[in-house]
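Undergrad: As a plain string of letters, each chain reads:
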Amino acid sequence: MNRNDALPALASRGPAGRIARFCAENLWPTPWALLINLLVGAVLLAILAQLLPWGIFNATWSGSSRSECAPDGACWSFIAEKWPQFLYGFYPESERYRVNVVFATLAAGIAMMLAPAMPGKRWVQVFMVLVYPFLSAALLLGGVAGLPLVPTDRWGGLMLTLVLAVSGITLSIPLGAALALARRSEMPVVKWLSIGFIEFCRGVPFVTVLFMAIVMLPFFLPAGTKPNPLLLAVFGIVFYEAAYMGEVMRGGLQAIPKGQYEAAWAIGFGFWRTMGFIILPQAVGKVIPGILNATISLLKNTTLVMVVGLFDLLNIVTAGASDPNWSGSLAEGYFVVGLVFWIMSFSLSLYSRSLEAKLKKADER
Amino acid sequence: MTQGIDAAVRRPGLLKDPRLQRWGFQGLIIALLVLLAVLAMGNLEGNLKQRGLSFGFDFLRQESGFEIAFSLIPYRASDTYWRVFLVGLTNTLLVTVLVMLLSTILGFMIGIARLSKSWALSRATLLYVEIVRNLPQLLHIMLWYNVALRNMPAPRQAGSFFDVIFFTNRGIYIPALKTEYPLLWIGAVLISIIASISVCVAITRRSDAVGRPLNAWLPSLVALLLLPISLFFATGDSLSVSMPQLKGFNFTGGWVFVPELSALVFAMTIYNAAFIGELVRASILAVNRGQREAAFAIGFNWLQTLRYIVIPQALRVLIPPLGNQYLNILKGSSLAVAIGFPDLVSVFTGITMNQTGRAIEIVLMTMATYMLIGVAISMCLNLFNSMTRIIER
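So the sequences go chain by chain: E and V. Under the numbering used here, the first residue of the first sequence carries the number 153, and numbering increases by one thereafter. Under the numbering used here, the first residue of the second sequence carries the number 1196, and numbering increases by one thereafter.
Keep in mind that the hints were calculated from the coordinates and are not lab data. There may be inaccurate statements among the hints.
To be verified - Once the Cα atoms are required to be at most 27 Å apart in a straight line, the calculated BS3-like pairs of lysine-lysine come out as:
hint, chain 1, residue 1, chain 2, residue 2
1, V, Lys1244, E, Lys343
2, E, Lys378, V, Lys1373
3, E, Lys273, E, Lys378
To be verified - Derived DEER-like restraints, expressed as beta-carbon distance ranges:
hint, chain 1, residue 1, chain 2, residue 2, range
4, E, Tyr413, V, Asn1483, 31 to 41 Å
5, V, Pro1515, E, Ala267, 52 to 62 Å
6, V, Gln1216, E, Ala471, 38 to 48 Å
7, E, Thr322, V, Pro1408, 56 to 66 Å
8, E, Val460, V, Pro1515, 51 to 61 Å
9, E, Leu287, V, Met1304, 21 to 31 Å
10, E, Thr322, V, Pro1515, 25 to 35 Å
11, V, Val1396, E, Ala267, 51 to 61 Å
12, V, Pro1516, E, Pro303, 52 to 62 Å
13, E, Pro183, V, Gly1494, 34 to 44 Å
14, E, Gln277, V, Trp1450, 45 to 55 Å
15, V, Gln1216, E, Phe286, 26 to 36 Å
16, V, Gln1486, E, Ala415, 18 to 28 Å
17, V, Met1304, E, Leu179, 37 to 47 Å
Computed from a predicted model, the values in this text were never measured in an experiment. We put the CB at the ideal spot given by N, CA and C, even for glycine.
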């Protein structure tokens, strides 16, 4: 009936037979498919034939200015020369170990929380949620415990991108949960305030929310206060993403059967204990893939802070290429920015998909 | 025992009464919000006085005094800020509509290619989708604007497509239609398209009702062409095509897509098409396999299967998330500000706010505008959705 029967000779075992069978099934099942495959292969080869000579064979790997680079190849010396700036922005060189400590701790903390069987996992979680944010803020900013102060206008590059993304996510998750609970509340004032907030945020572009936070908000603060632009940007990000997180969480809350609430009330739990111990843990568990997808979009959205003058990774690379020594090196810079964002966002999306598959399996049991 | 419970139900403590608790909580929230609003308004008044500003929309009547590089409606530097707002709005709508159309077309191609039986094609589109959608949209835009289009040849060495379309670092030049009544023609074309679609829908319904195929193509074509052709003879308009031509250092004639617009449209199309492709793929996969097999079994060919079985069912799954993606395109068009294409955010929330200092009025106006356009798009899609949904008895 299917093609396997038509190809008995190729059904033999062993690597050669398997390769032959793969080719017969996928590469030339019909003449048309073969033609399309060849065309696609030719296009991909043509793209590679452009990229490889530029990126590798004709590229220049070291030097101190663009003029030392080969004209028809990539100028990787731009990256080699500027990478500390791309990582740390204008953070003073002698203090950069603080940034390293903060992000190494973050990586270690996340790794420990993700490890399946890890003794003392609960304590790591408590530390990461309750202690780490304040510890890292103190370390990055300084001005306490003998650490020199590094004002936020010197923060930049990948470090700023990560600060924006991590603080945005950690703050918007609890806020989103609150919004989701409020939207499903029976109290009309609470419900309609939440609906209004969420629909407002979902209806306007992120750029306008950033403008609102940076330019409009200071008008409503007491006269004479000079709010920190980074803080305002984080406020804008959280304001905007909390609405999206709220919608993700609402999906999770809706998936919890009514019996769970009733069982919790039956054993005498009040509202907060029902939510905290019974409903939210289950709801969040169900929507972790959704939360991760919102995280990816938040991470990509952090690039927009360039519009309000912050030097995140994308903006600092753009600025770096306006250095007269390196003018015209944007392609190389954007390649690296793209690689960094792609690795972060693709690994998050792979993790989200694997969790999704796991959850689906757990549901099917 | 029962008596005790009854008593507890009948006479709960005043503070424990859930209804009272609820109203108390809501009252508290309203009071807090009012307090916050009063404080904020007080601060606002002080801040405005300090900067010598007042709240109001009278600035919209002032002269703007700056030029805008690209505008669909006539605009000069001596026009008002209200005109600037309109220029920005039309440019935003232009980008949104262009990207919607192009990314839908590209997205459908990607979605279908992802499901192709050709191994290389489905893998290559998977590669495209995974590369494109994991990069920030702003990076796509900056890449197209700062790298791809800036490295195009100068007008004198312009690359061309059969000497009809020219690619230069000053923009992409295409032939233009010259007419004496541009607005009339745009209106006529829009009406004809709507008329043609309505005729097509009506005939399809009739065909379903009588149970035999009726020819929908010819009447739709007539409906499409009737108005423009009669308009052409009625007005005696001298329609002509203006070709872009190299004069001196630059091209004249034709329409030019300035680099900012081309970069925005290319980058946003490529980015959003990856998402639409995945939506299309998921919606086709959502149609039960048995439906297709049943269609083949009753003798439909593959085109009929697609037209009568797969597409109607896939559309039902596709339209809600596609609408969401369209709203994302509308909101994403605001990234134009990063490369200086004069969209609403760029000329109004950017330049106009810098010149007038009217932060609150301008941010609120911009947000309200985006929300209104978003509501309009949602309404159109809901209408379309109600036309394609399953009609149950």
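Undergrad: Now look at each hint and say whether the structure bears it out.
TA: Comparing the hints with the structure gives:
For the given pair, Lys1244 (chain V) sits about 36 Å from Lys343 (chain E) by alpha-carbon distance, which is inconsistent with the 27 Å threshold. At roughly 55 Å between alpha-carbon atoms, Lys378 (chain E) and Lys1373 (chain V) are farther apart than 27 Å, so this suggested pair is violated. Among the hinted pairs, Lys273 (chain E) with Lys378 (chain E) is inconsistent with the structure: their alpha-carbon atoms are about 41 Å apart, more than 27 Å. Tyr413 (chain E) and Asn1483 (chain V) have their C-beta atoms about 35 Å apart, which keeps the hinted 31 to 41 Å range intact.
One distance hint, 52 to 62 Å for the beta-carbon pair Pro1515 (chain V) and Ala267 (chain E), is violated here, with the actual separation near 38 Å. Separation of Gln1216 (chain V) from Ala471 (chain E) is about 55 Å and departs from the stated range, judged on CB atoms against 38 to 48 Å. Separation of Thr322 (chain E) from Pro1408 (chain V) is about 60 Å and conforms to the stated range, judged on CB atoms against 56 to 66 Å. For the hinted restraint 51 to 61 Å between Val460 (chain E) and Pro1515 (chain V), the CB-CB distance of approximately 33 Å leaves it violated.
Evaluation of the 21 to 31 Å hint for Leu287 (chain E) and Met1304 (chain V) yields a failure: the beta carbon distance comes to about 50 Å. Roughly 31 Å separates the CB atoms of Thr322 (chain E) and Pro1515 (chain V), a value that falls within the hinted 25 to 35 Å. With their beta carbons about 58 Å apart, Val1396 (chain V) and Ala267 (chain E) fall inside the hinted range of 51 to 61 Å. Distance hint for Pro1516 (chain V) and Pro303 (chain E): a CB-CB separation of about 44 Å, inconsistent with the stated range 52 to 62 Å.
A beta carbon spacing of about 26 Å between Pro183 (chain E) and Gly1494 (chain V) contradicts the range 34 to 44 Å that was offered as a hint. Look at Gln277 (chain E) against Trp1450 (chain V): about 59 Å separates their beta carbons, and that is not inside 45 to 55 Å. In this structure the supplied range 26 to 36 Å holds for Gln1216 (chain V) paired with Phe286 (chain E), their Cβ-Cβ distance being about 34 Å. For Gln1486 (chain V) paired with Ala415 (chain E), a C-beta distance near 40 Å fails the hint of 18 to 28 Å.
Between Met1304 (chain V) and Leu179 (chain E) the CB atoms are about 22 Å apart, so this pair departs from the stated range of 37 to 47 Å.
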